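Chains A and B supply the protein sequences, listed in that same order.
Under this note's numbering, the first residue of the first sequence carries the number 1, and numbering increases by one thereafter.
Under this note's numbering, the first residue of the second sequence carries the number 1, and numbering increases by one thereafter.
Hints are supplied without guarantee of correctness; some may be wrong.
To be verified - In silico DSS-like cross-links for lysine-lysine, where the CA-CA straight-line distance does not exceed 27 Å:
{"no.": "1", "chain 1": "B", "residue 1": "K173", "chain 2": "A", "residue 2": "K120"}
{"no.": "2", "chain 1": "A", "residue 1": "K120", "chain 2": "B", "residue 2": "K116"}
{"no.": "3", "chain 1": "B", "residue 1": "K245", "chain 2": "B", "residue 2": "K144"}
{"no.": "4", "chain 1": "B", "residue 1": "K251", "chain 2": "B", "residue 2": "K271"}
{"no.": "5", "chain 1": "B", "residue 1": "K173", "chain 2": "B", "residue 2": "K96"}
{"no.": "6", "chain 1": "A", "residue 1": "K135", "chain 2": "A", "residue 2": "K191"}
{"no.": "7", "chain 1": "B", "residue 1": "K271", "chain 2": "B", "residue 2": "K69"}
{"no.": "8", "chain 1": "A", "residue 1": "K317", "chain 2": "A", "residue 2": "K293"}
{"no.": "9", "chain 1": "A", "residue 1": "K90", "chain 2": "A", "residue 2": "K9"}
{"no.": "10", "chain 1": "B", "residue 1": "K96", "chain 2": "A", "residue 2": "K90"}
{"no.": "11", "chain 1": "B", "residue 1": "K173", "chain 2": "B", "residue 2": "K271"}
{"no.": "12", "chain 1": "B", "residue 1": "K116", "chain 2": "A", "residue 2": "K90"}
Think of the hints as simulated: they come from the structure by calculation, not from any bench.
The model shown is predicted, which means the values in this text are computed figures rather than measured ones.
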Amino acid sequence: MTMSREPEKIPVTVLTGYLGAGKTTLLNRILSEAHGKRYAVVVNEFGEIGIDNELVIGADEEVFEMNNGCICCTVRGDLIRIIEGLMKRKGRFDAIIVETTGLADPAPVAQTFFVDEDVKEAARLDAVVTVADAKWLAQRLRDAPEAKNQIAFADVIILNKTDLVSPAELREVEARIRAINPYATLHRAKKCDVDIAEVLGRRAFDLDRILDIEPDFLVAEDHDHDHDHGHDGEHHHHGLKHYHDEDMQSVAVRFEGDVDPAKFMPWINRLTQEQGLNILRCKGIVAMKDDPKRFVFQGVHMMLDGDSQREWKPDEKRESKVVFIGRGLAEEDIRNGFLACAA
Amino acid sequence: MTEAQATSSLAKHARLFATGAHVVAAAFVDGAPALALADGIVLIGDPDEQTRVVVHPGAAMLTAVSDGKTFLTGGDDGQVVAVSADGALEPVGDEKGRWIDALALRGNAYAWSAGKQVRARDEAGATHAWSAPSTVRGLAFQPKGFRLAATHYNGATLWFPKVEGAPQILEWKGAHLDVSFSPDGRFLVTSMQENALHGWRLQDSRNMRMTGYPAKSRSLSWSHDGQWLATSGADAAVVWPFKDKDGPMGKAPRECGVRQARVTRVAFHPKALVVAMGYADGLILLCRLGDAAEILVRHPGDGGVSALAWDATGARLLFGLESGAAGLLALPA
Numbered sequence: 001m002t003m004s005r006e007p008e009k010i011p012v013t014v015l016t017g018y019l020g021a022g023k024t025t026l027l028n029r030i031l032s033e034a035h036g037k038r039y040a041v042v043v044n045e046f047g048e049i050g051i052d053n054e055l056v057i058g059a060d061e062e063v064f065e066m067n068n069g070c071i072c073c074t075v076r077g078d079l080i081r082i083i084e085g086l087m088k089r090k091g092r093f094d095a096i097i098v099e100t101t102g103l104a105d106p107a108p109v110a111q112t113f114f115v116d117e118d119v120k121e122a123a124r125l126d127a128v129v130t131v132a133d134a135k136w137l138a139q140r141l142r143d144a145p146e147a148k149n150q151i152a153f154a155d156v157i158i159l160n161k162t163d164l165v166s167p168a169e170l171r172e173v174e175a176r177i178r179a180i181n182p183y184a185t186l187h188r189a190k191k192c193d194v195d196i197a198e199v200l201g202r203r204a205f206d207l208d209r210i211l212d213i214e215p216d217f218l219v220a221e222d223h224d225h226d227h228d229h230g231h232d233g234e235h236h237h238h239g240l241k242h243y244h245d246e247d248m249q250s251v252a253v254r255f256e257g258d259v260d261p262a263k264f265m266p267w268i269n270r271l272t273q274e275q276g277l278n279i280l281r282c283k284g285i286v287a288m289k290d291d292p293k294r295f296v297f298q299g300v301h302m303m304l305d306g307d308s309q310r311e312w313k314p315d316e317k318r319e320s321k322v323v324f325i326g327r328g329l330a331e332e333d334i335r336n337g338f339l340a341c342a343a
Numbered sequence: 001m002t003e004a005q006a007t008s009s010l011a012k013h014a015r016l017f018a019t020g021a022h023v024v025a026a027a028f029v030d031g032a033p034a035l036a037l038a039d040g041i042v043l044i045g046d047p048d049e050q051t052r053v054v055v056h057p058g059a060a061m062l063t064a065v066s067d068g069k070t071f072l073t074g075g076d077d078g079q080v081v082a083v084s085a086d087g088a089l090e091p092v093g094d095e096k097g098r099w100i101d102a103l104a105l106r107g108n109a110y111a112w113s114a115g116k117q118v119r120a121r122d123e124a125g126a127t128h129a130w131s132a133p134s135t136v137r138g139l140a141f142q143p144k145g146f147r148l149a150a151t152h153y154n155g156a157t158l159w160f161p162k163v164e165g166a167p168q169i170l171e172w173k174g175a176h177l178d179v180s181f182s183p184d185g186r187f188l189v190t191s192m193q194e195n196a197l198h199g200w201r202l203q204d205s206r207n208m209r210m211t212g213y214p215a216k217s218r219s220l221s222w223s224h225d226g227q228w229l230a231t232s233g234a235d236a237a238v239v240w241p242f243k244d245k246d247g248p249m250g251k252a253p254r255e256c257g258v259r260q261a262r263v264t265r266v267a268f269h270p271k272a273l274v275v276a277m278g279y280a281d282g283l284i285l286l287c288r289l290g291d292a293a294e295i296l297v298r299h300p301g302d303g304g305v306s307a308l309a310w311d312a313t314g315a316r317l318l319f320g321l322e323s324g325a326a327g328l329l330a331l332p333a
């Protein structure tokens with residue numbers, strides 16, 4: 001077991017959200033709050049930030065295709081260049097926040113941290129934080145694929161402007177979000193008044209921190225539950241309306257017991273290669289046969305990152321589970337494929 | 001080889017010192033050792049009598065190049081400054097706070113880029129502008145004539161700043177970073193995002209791919225006779241033959257100084273077929289191309305080597321590390 005820790009890498013938070021959702025409001029809050037931290041902020045448009053911050057860098061959102069035979073492997077070339085430059089100011093800031101344009105796909109930003117060795121060495125992706133407008137999100141999910149991508153991709157979703165909608169509308173939009181991404185941590189906010197600790201320092205891409213992959217509403221939902229049963233065609237789940245999004249869904253499969261690595265590894269590799277265009281995010285905690293340690297993995301499109309984690313505890317049930325969020329996922333194939341990996 | 005097996009060592013001839021900041025580039029300016037530091041300072045002079053020249057106050061030095069007479073520096077304050085051996089500063093360009101990404105220098109001609117914006121100042125002091133199709137990462141003047149190569153996404157562009165008309169585009173899919181002309185001007189070589197080098201034979205724009213690197217190759221150095229190109233990015237200096245009319249096409253490169261550490265910087269000696277190479281673990285070696293004989297210059301430690309430069313005669317080697325460690329080797333006569 002290796003106990004040596006690599007030098008602390010600069011955490012990078014990616015801030016997404018459709019036009020007008022409140023990204024800049026959140027950014028200004030982060031920068032103006034007295035937290036003693038210094039941030040380098042990468043923005044796509046200068047002038048929006050009302051706070052005097054020493055390090056604001058304008059980005060061009062240059063998305064580069066990598067010539068590595070992987071069709072969805074795109075990276076943010078400008079971000080590679082900016083992180084390289086920021087390393088010349090090492091010690092003068094604590095974290096990096098990357099604000100994307102409202103129409104941006106978060107995938108190239110995230111993939112940059114999987115693909116570029118220099119970026120990987122210097123920085124780590126902390127979390128994808130998506131700001132959503134409580135009043136207009138439902139509409140955007142219908143007419144803007146970018147908005148849906150941003151929800152599907154998120155580790156943290158800030159449902160903003162909740163004061164502009166009725167309690168029923170709020171429950172409706174939350175159910176729409178959950179139909180796409182039940183795993184992100186969801187916060188209700190007015191003028192982005194969310195605790196900054198819930199936004200930054202999440203370590204959402206840290207394999208050591210993949211503790212559990214339960215849907216957020218099963219474990220963390222503590223808001224006023226709604227019991228007005230009766231809408232046609234909607235199920236209710238712990239008080240939440242349950243929708244099925246036609247386009248973007250999550251698929252979760254679990255079983256008690258071990259997987260055979262000789263079956264599982266080829267399966268997960270093939271699945272992410274063949275379906276990687278449609279799979280936005282995936283995560284898993286797997287019990288490998290004859291391995292005392294938990295195997296954890298996570299991925300973005302075709303890119304996978306996996307490692308042995310801590311040992312299974314004596315009182316812990318050895319089980320294997322995987323979660324995929326994506327577009328038009330072949331649920332039955334994924335389910336059967338994973339179940340066939342059982343040892 | 002390992003450090004213990006090194007048959008010879010010049011380490012005791014190197015005077016080591018600390019600069020206090022990440023060393024971005026090394027050069028000899030009018031014979032004086034000079035180091036460009038990430039905290040905006042250029043350190044000029046021998047280790048015991050150095051002058052600290054504040055070039056980019058409060059800002060970071062992003063890039064610096066030298067032709068032996070001037071140290072041209074670019075900062076994240078948008079300033080391009082020409083630094084002389086006596087510490088005199090000449091403001092060359094001002095991009096209003098936009099990062100200076102790339103620089104080139106030849107005589108009194110300067111070129112710099114910030115994002116897509118490329119500017120070239122000719123010897124008469126007139127500045128010309130050109131906008132690249134995407135962010136420019138590398139600039140180089142052609143050895144003869146006032147012509148500039150700029151790298152960007154999907155290729156490189158050759159631009160005559162003083163000539164109206166469309167620049168010549170050399171296309172190759174992918175993101176191109178650093179750029180260098182062969183000394184005879186026959187070849188243009190770029191380093192790429194995909195851990196490879198790309199080359200063009202300029203006469204007919206024929207493509208050359210140089211692949212197999214485990215990491216990006218960010219340091220390129222031509223031998224004095226122009227027949228070899230030493231490159232970083234592998235666990236050895238990879239040296240490509242450019243003597244023939246086809247360059248390295250169909251030929252295998254030489255490897256110098258194979259170790260269990262990544263080569264981060266290379267610098268060919270100005271008069272002999274000897275390449276100086278710095279590694280990610282701080283070790284510095286000299287390697288003779290002919291028989292692969294190695295001489296140790298610096299023991300490992302303190303992190304990656306980020307700057308290497310020979311003086312014009314090849315009697316002294318200046319080096320700097322990301323950690324701020326530095327040294328000046330004087331070859332025994």
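| Hint check against the structure, violated hint numbers in rising order | 5, 11
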